[in-house]
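Asks: Sequence:
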Amino acid sequence: MFSIRRAALKAAPLAARTSVRPFSVLGARLSGAVGHNVESNLGPGAKPGTIPTDIEQSTGLERMELLAKLEGKELFDMEPLNMTHLGTVKNPIVVKSHDPIRFVGCTGFPAESHETIWINLDKSHEHDRCPECGSVYVMDFVGSEDAHHH
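Our numbering applies: residue 23 is where the sequence shown begins, and numbers increase by one.
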């Protein structure tokens with residue numbers, strides 16, 4: 023069964039790419055062009071008879087993340103929120119987001135005052151509040167209004 027599959031894969035034509043042009047992955051992400059540039063979301067694939075590298079076979083967000091790391095940048099902001107104060111309605115904790123909905127884990131103020139509670143921030147809400155400590159969060163939507171979201 024597997025030999026038939028391998029034979030079919032070897033017989034399938036591979037798309038040949040003559041050159042790879044340098045580009046900024048983060049520039050495409052921040053401009054709202056994610057998903058529209060198929061060329062940058064697909065790797066060139068491996069040459070016949072070779073094993074592909076991660077860059078050659080990765081697609082989509084995985085490929086964008088790997089290319090960003092090659093540029094010395096991080097595609098996703100994984101740093102914890104800077105909790106310098108307990109968010110209030112007058113002085114909330116501001117969270118930037120490229121998507122209209124974002125999940126934020128609140129651990130209270132000072133940090134780790136309570137177990138992590140996940141809060142669903144929505145750009146249509148005036149503010150969102152942690153039910154445990156009462157900290158107020160506001161989304162700063164920096165994404166594209168006409169971007170395709172899932």
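The set of hints was computed from the structure by calculation and includes no laboratory data. A portion of the hints provided could be inaccurate.
Just the calculated beta-carbon pair ranges, DEER-fashion [what the hints assert, rightly or not]:
| # | residue 1 | residue 2 | range |
| --- | --- | --- | --- |
| 1 | T81 | N113 | 39 to 45 Å |
| 2 | A133 | G71 | 36 to 42 Å |
| 3 | I139 | D76 | 45 to 51 Å |
| 4 | F98 | I73 | 40 to 46 Å |
| 5 | V111 | D76 | 44 to 50 Å |
Since the structure is predicted, the reported quantities are computational estimates derived from the model, not experimental observations. Ideal placement from N, C-alpha and C gives every residue a C-beta, glycine not left out.
Asks: Output the indices of the hints that this structure fails to meet, ascending.
Replies: Hint check: 2, 3, 4 fail, others pass.
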